[in-house]
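With these hints in hand, go ahead and build the complete structure from the sequences.
Chains Z and X are the protein sequences, given in the same order. For the first sequence, position 158 matches number 158 in the working numbering, and the numbering has no gaps at all. For the second sequence, position 100 matches number 336 in the working numbering, and the numbering has no gaps at all.
Just so you know, the hints here were simulated from the structure itself, not pulled from any lab data. As the structure is a computational prediction, the values presented were derived from the model and not from experiment. A portion of the hints provided could be inaccurate.
Unchecked claim - Mimicking SDA-like on lysine to any residue, the simulated pairs with C-alpha atoms at most 20 Å apart in a straight line are:
id : chain 1 : residue 1 : chain 2 : residue 2
1  : Z       : K95       : X       : D474
2  : X       : K680      : X       : E605
3  : Z       : K204      : X       : A551
4  : X       : K591      : Z       : T191
5  : X       : K662      : X       : L681
6  : X       : K591      : X       : G558
7  : Z       : K204      : X       : E548
Claimed, not checked - Just a sample of chain Z residues kept apart from chain X, beta carbon distances all over 12 Å, derived:
id : residue
8  : A66
9  : R74
10 : D98
11 : N168
12 : G209
Stated by the list, open to error - Coverage of chain Z stretches by chain X, computed from C-beta distances (three or more under 8 Å per stretch; other residues unrestricted):
id : segment
13 : 10-16
14 : 25-36
15 : 81-91
16 : 177-191
Just so it is clear, CB atoms sit at the ideal spot from N, CA and C, and this is done for glycine as well.
Here is how the chains run, residue by residue.
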Amino acid sequence: MSMDRILIVEDDADTATAIARVVEGLACAAVIAPTLADGLAEASGDFRVIVLDRMLPGGDGVDAIARFRAGGSRAMILVLSALGRAANRVEGLEKGADDYLPKPFEPEELRARLRALLRRSAVDLSSNDLMAFGDFEIRLKARTVHIGRQHVPLSPKEFELVTFFARNAGQVVTRMQLLEQVWNLHFDPGTNVVDVHVGRLRRKLEAAGSQAIQTARGEGYVFAPLPPASGSKEAG
Amino acid sequence: MSGVPKATLRLAAVVALTVTLLSLGGMALQYRIVADRLEQQTLGLLKADLDGLASLYEQRRIIALRQAIDYRAAAASPGEMLVLLARDGTVLAGTHDTWPEAVEPQGGGFAPEGALRFAAHGQNWLGVGRILPGGFPLLVARGLGSVEGTLLSLRRAIVALGLGMLAAAALVGWIMARQMLARIARVNALADRVAGGDLAARLPGPRSDDEFGQMESHVHAMLDRIEALNRATHRLSDTIAHELRTPLNRMLQKLAQVQGHEAVTDALRADMRAAIRVFDALLDISRAEADQGQGGGLLPLDLAAALAEVWELYAPLAEDRGLTLHLDLRPGLQVLGDRTLIGQMLANLMDNAVKYCRPGDQVTLTLTEGADHHILRLADTGPGLPDDLRAEAFERFTRAPRDLGTPGHGLGLALVRAIAARHGAKLALPATGKGFVIEMLWPKLGANS
Numbered sequence: 001m002s003m004d005r006i007l008i009v010e011d012d013a014d015t016a017t018a019i020a021r022v023v024e025g026l027a028c029a030a031v032i033a034p035t036l037a038d039g040l041a042e043a044s045g046d047f048r049v050i051v052l053d054r055m056l057p058g059g060d061g062v063d064a065i066a067r068f069r070a071g072g073s074r075a076m077i078l079v080l081s082a083l084g085r086a087a088n089r090v091e092g093l094e095k096g097a098d099d100y101l102p103k104p105f106e107p108e109e110l111r112a113r114l115r116a117l118l119r120r121s122a123v124d125l126s127s128n129d130l131m132a133f134g135d136f137e138i139r140l141k142a143r144t145v146h147i148g149r150q151h152v153p154l155s156p157k158e159f160e161l162v163t164f165f166a167r168n169a170g171q172v173v174t175r176m177q178l179l180e181q182v183w184n185l186h187f188d189p190g191t192n193v194v195d196v197h198v199g200r201l202r203r204k205l206e207a208a209g210s211q212a213i214q215t216a217r218g219e220g221y222v223f224a225p226l227p228p229a230s231g232s233k234e235a236g
Numbered sequence: 237m238s239g240v241p242k243a244t245l246r247l248a249a250v251v252a253l254t255v256t257l258l259s260l261g262g263m264a265l266q267y268r269i270v271a272d273r274l275e276q277q278t279l280g281l282l283k284a285d286l287d288g289l290a291s292l293y294e295q296r297r298i299i300a301l302r303q304a305i306d307y308r309a310a311a312a313s314p315g316e317m318l319v320l321l322a323r324d325g326t327v328l329a330g331t332h333d334t335w336p337e338a339v340e341p342q343g344g345g346f347a348p349e350g351a352l353r354f355a356a357h358g359q360n361w362l363g364v365g366r367i368l369p370g371g372f373p374l375l376v377a378r379g380l381g382s383v384e385g386t387l388l389s390l391r392r393a394i395v396a397l398g399l400g401m402l403a404a405a406a407l408v409g410w411i412m413a414r415q416m417l418a419r420i421a422r423v424n425a426l427a428d429r430v431a432g433g434d435l436a437a438r439l440p441g442p443r444s445d446d447e448f449g450q451m452e453s454h455v456h457a458m459l460d461r462i463e464a465l466n467r468a469t470h471r472l473s474d475t476i477a478h479e480l481r482t483p484l485n486r487m488l489q490k491l492a493q494v495q496g497h498e499a500v501t502d503a504l505r506a507d508m509r510a511a512i513r514v515f516d517a518l519l520d521i522s523r524a525e526a527d528q529g530q531g532g533g534l535l536p537l538d539l540a541a542a543l544a545e546v547w548e549l550y551a552p553l554a555e556d557r558g559l560t561l562h563l564d565l566r567p568g569l570q571v572l573g574d575r576t577l578i579g580q581m582l583a584n585l586m587d588n589a590v591k592y593c594r595p596g597d598q599v600t601l602t603l604t605e606g607a608d609h610h611i612l613r614l615a616d617t618g619p620g621l622p623d624d625l626r627a628e629a630f631e632r633f634t635r636a637p638r639d640l641g642t643p644g645h646g647l648g649l650a651l652v653r654a655i656a657a658r659h660g661a662k663l664a665l666p667a668t669g670k671g672f673v674i675e676m677l678w679p680k681l682g683a684n685s
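Printed below as a string of structure tokens:
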């Protein structure tokens, strides 16, 4: 079985190396293209994800997304750019990026984003109604959560939150990801408003006997409703 | 255009009055000349009469005068008066049978000097009263009736002409002013379009070769410059972001390589994030200010929905801090807006409320529909703004001395103002007894276009 390949279009050598380190930490192969033209030439290869800078020699990566697609690439595109203000992020997503991470970035944040993208490109988001993790059950249509036989009453937002966690079960989910994916907000509110929401959800789940949500120190949260299998991989 | 522009009216009135006054002045001068000439003429006639009578008197004294006056009286014209009295005051001869009371006979022979005006027999006269040697009073006068009649009709003509002139000048002035102001109105309309957000708006067609054309060219040059500055601001903020974030990024990656020292590396990370936040806020503010009033990039959206999202995001945090929240949003109020910016705006306000209010305080967000605007109002019962800070509350880096212990950079309200301005919303800080109240008047969708 060949390794998944990730294309890194990035002109700053230090940054490219840092990205490559994260990519290799995910057991993927990194290919670095230092210019937009190189990136477009490489993109015809079989990549799962393209990490794309914006202010590149040769042009703006976001403006080139359409050309990557036109070239037949079916990779997920993660824009990783110094143009990191809310307006830039929204613009990138509107122009077809699958995710947008501003520089400077924490390696953990990039790792979480890449994992989520690899997963999204692998599984078609479950059209299943039931997501079950042992006795932890989420019913999407009914919008209910049961732990054992016990129904856990959740607010609509908390339900969306737990669903997002469940879709990324076992992986670190960052606060920024939660804001973007659950609240669809692309600015940094400064205060840790998200923590309060997660805290409430967590207390409700704990009251029902589940320790599913764990804090990943300095990074975010992990949803792990089942006791971790021995030797499960947690890189870095 | 509603009603008549004031400037048109004023200009037309000034033109009409000036033209009319000038021509009235001219006519008054002519009138003066005519009146003088007519008086001279009358005086000439009077002198001729006196000369004639003098030469008769030379020949045969009173007898000759008497005969001549009788003769003239027989064929009397209404424009002359000759009266010769005897020493006892009885009329010896005369075109009229009484001596006018107003005239006191004097010496001086037949000279016309000292002729005086007087009224008698229903009209005005110019004449002299003399006492001839031997004590015979003689009155020689010429009627001013026809002269006055002429002057009267002249005056009437002047008044009629003046009124006509005023009307004509008003009309001409009106037409001229309309034409002139129509060209100014073109420039005004352009300014309105630019203010409405269309920075690329220009007047169509070539510039005319006059002052108006020059004005239009100047306005165009000004707009070109504003547009270029606006573009430069956008470019500059991108460049700043790139130049700042790229080295910070390298630092952060190297920081990730550091083993141990977690307290130090965490603090460094937090400091870097804070620095980025300040820069982002500054760039967001200048971008929103540069885009101020520009419709580009704004989409129709439900203001209540955009506000509710962020309100719900902050609600648990505020509740945990012991604040009581009240939300009253009228749903479905549409504005032309940027969802992210509106979110940032409310996030900044909520952040302040959470930061400054104490447990037990209330925070109320309402959105109502006013006559011309949607009225957004956020009120809390916290410490409010210090009075001396109200004027500059929306300036960058404004912080109350009492808040220096609270984290922040004084950029929140500056961003709020910039975002409001970006949407054409009017901001106000109504005075309240207690707490902080901010009011925003949002233009209704469709009201402005």
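(message) If we take the beta carbon of R74(Z), is the closest beta carbon in chain X still more than 12 Å away?
(response) holds, 28 Å
(request) Given the hint that K591(X) pairs with G558(X), test it: the Cα-Cα distance must not exceed 20 Å. (result) holds, 12 Å
(request) Count the residues of the segment 25-36 of chain Z whose CB lies closer than 8 Å to any CB of chain X, then report whether that count reaches three. (result) violated (count 0)
(message) Check whether the Cα positions of K662(X) and L681(X) lie no farther apart than 20 Å.
(response) Holds, at roughly 15 Å.
(request) Could you check that no beta carbon of chain X comes within 12 Å of the beta carbon of G209(Z)? (result) Answer for G209(Z): holds, closest chain X Cβ roughly 23 Å.
(request) Examine the segment 10-16 of chain Z for residues whose CB is less than 8 Å from any CB of chain X, and state whether their number is three or more. (result) That given contact holds, which follows from 3 residues of the segment 10-16 of chain Z lying within Cβ reach (below 8 Å) of chain X.
(request) Decide if the proposed pair is consistent with the structure: K95(Z) and D474(X), CA atoms, cutoff 20 Å inclusive. (result) holds, 18 Å
(request) Closer than 8 Å, Cβ to Cβ, for at least three residues: run that test on the segment 81-91 of chain Z against chain X and report holds or violated. (result) holds (count 8)
(message) If we take the beta carbon of A66(Z), is the closest beta carbon in chain X still more than 12 Å away?
(response) holds, 20 Å
(request) Confirm or reject the statement that D98(Z) sits farther than 12 Å, beta carbon to beta carbon, from all of chain X. (result) holds, 18 Å
(message) K591(X) and T191(Z) were given as a pair; does the straight-line alpha-carbon distance stay at or below 20 Å?
(response) Since the Cα atoms of K591(X) and T191(Z) sit roughly 10 Å apart, the hinted pair holds (cutoff 20 Å).
(request) Would you check the hint for K204(Z) and E548(X), treating anything up to 20 Å between C-alpha atoms as holding? (result) holds, 18 Å
In summary, the structure is inconsistent with hint 14 from the numbered list given earlier, while agreeing with all the others.
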